[in-house]
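Guided by the hints, dock chain B onto chain A, whose structure is given.
If you read the sequences in order, they're chains A and B. Quick note: the first sequence uses UniProt numbering, first residue 1, plus one each step. Quick note: the second sequence uses UniProt numbering, first residue 1, plus one each step.
To be clear, the hints were calculated from the coordinates, so they are not data collected in a lab. Keep in mind that a hint or two might mislead.
Unchecked claim - The list that follows gives simulated cross-link-like pairs (lysine-lysine, DSS-like), each with its CA atoms no further than 25 Å apart: (1) B:Lys321 / A:Lys250; (2) A:Lys7 / B:Lys45; (3) A:Lys96 / B:Lys183; (4) A:Lys250 / B:Lys183.
2 protein chains.
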Amino acid sequence: MKLGTVKNGTRDGQLAVISKSGESYTTVTDIAPTLQFALDHWDQKAPQLEAIYRDLNEGKISGQEVELAKFMAPLPRAYEWIDGSAYINHIVLVRKARGAKPPETLETDPLVYQGGSGVLLGPTDDIKLANPEWGCDFESEVCVVLGDTPQGVKPEVASKYVKLIGIVNDVSLRNLIPGELAKNFGFFNSKPASAFAPFFVTPDELGDAWREGRVHLPLITHYKGEKYGDPDAGPEMHFSFFDLVSHITKTRSYTAGTILGSGTVSNEDRARGSSCLAEKRMIEKIDDGEIRTPFMVAGDTIRIEMLDKNGASIFGAIDQKVVEGSN
Amino acid sequence: MKLGTVKNGTRDGQLAVISKSGESYTTVTDIAPTLQFALDHWDQKAPQLEAIYRDLNEGKISGQEVELAKFMAPLPRAYEWIDGSAYINHIVLVRKARGAKPPETLETDPLVYQGGSGVLLGPTDDIKLANPEWGCDFESEVCVVLGDTPQGVKPEVASKYVKLIGIVNDVSLRNLIPGELAKNFGFFNSKPASAFAPFFVTPDELGDAWREGRVHLPLITHYKGEKYGDPDAGPEMHFSFFDLVSHITKTRSYTAGTILGSGTVSNEDRARGSSCLAEKRMIEKIDDGEIRTPFMVAGDTIRIEMLDKNGASIFGAIDQKVVEGSN
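Extracted from the complex, chain A is given alone in its bound form:
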């Protein structure tokens, strides 16, 4: 099923079940007021929501029309947002870009960081940029939403903790990263609020494109109205979501609604383009000795989407514009 959150004037919005086509939705206040509530009571609520989804798809419920601007992030605030960096090609390129070596444990020990999760942007929310010198970049990623997850989960059994799948724009301020990493405490100011596509879907919606903890479909990015990249999110995800779940549960447990990101989707095949500006800038530098692509500035648009094998949008689109300003 597909779930989303429509604006209703509250912080956490109102849970909505979306039709398979993504064209209509119905709110389900009597089942669960918010997506967090549904995740908190998933075993009980998921079957009830699935029943609504079937009725909506079969026309037994007449939904309202989906307009992207009505939708918030599916979780407008989450208890945790943890972002991996599971595509080796991205790590190698981006570290090269800032003159840093990949860690020695590149292929054996996953990279993850704890991101801010109290303010998450909706699919059409502007990216407010207070200072263009910060080097604003997008990062197109896949993410999963966990149910209650105990400590010590092995990859072999991680599947059952993955309740929902989505896509995310992990906005990054590249020029703030080197200074922050030099302090050795990880990213902070360099990672402003991330934005989410309007729908999270249950893994079964992806059919066999969801296998071995990876989403085997292209993640399509359009930047300034032009196709920028469509790398496959599957085969080159070195650490699967199951590996990432295992990694993050080494020393602690997680509450339902924890969001876990894949890191920037990236393929070695350059014909697939990129999912962020930093990679393209590095490729320019390697090939021509000169970076030509600037970071994002006010007026730039970024659209991120994933289509199923029939060309239908799975998660709805992230469709944002950079504007001057602050949150």
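Quick look at chain B alone, frame taken from chain A:
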């Protein structure tokens, strides 16, 4: 006023107003079911809760007896837990302990990291340690809880965003830190769930001990039943909470209920002891060339408390035991 969260079988517990003495409490379901709800509607709810607090203190409401074991963390899960490292003495000692230099920007650019906030321990919850080789340490800290906080707050106006003050045990797994920091993405597995004293209090409860964004009182740690340290949390907090608020709001905004920690409270005067084992271990190494103090093992107890000028406990005590196991 003093606020806490009593267990009621739900994830987020039930908001309680605590008497000034810390001896009795009353739940306030008709005003706010949870502390997060109160923080989400603070301007409206705070005066109502203050009225209950007055009535409770004046005996107009007969409260129930406070038993520490009834209490969860005031926010059993929070939307963000951000921890600073504002005591220079701690940074210098701990970095020396792991053979690392303090950052060049030590005194001009605050250190903060994003911690996990989906599972926060209550005051008497066990510290479950799956592997003693991880080097389990406590860190006694002060923290503040923010209301809705916009981007770009200057230190001079940060005071109004600080709604509550508390104390926290930022449990750390020291032997996992060097490997994680070498990967350059900051702490992750090395920071399991933090534990909180039972009561958060409004800044006015501290009287003139709360000034210039610092808590000017000793933070008292007992380890294995013996006094371990009582450094003053005030004068040597190089970056005040107002400085930290300014730092974290550089590029994003925060939802009500965001918790911001001071970092391990530490004084240069060695007679004041320490607020973590890592400092003591480093001092032993510097003085005697040999570390004698081991990290925590199953059976160890840790108690953290702050007393007002009359010797009364302000936040109630963190009183935990290390046990073998996982969450």
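Here's how the hints hold up against the structure:
no., hint, result
1, B:Lys321 / A:Lys250, "holds (20 Å)"
2, A:Lys7 / B:Lys45, "holds (24 Å)"
3, A:Lys96 / B:Lys183, "holds (15 Å)"
4, A:Lys250 / B:Lys183, "holds (17 Å)"
In terms of the numbered hints stated before, the structure departs from none.
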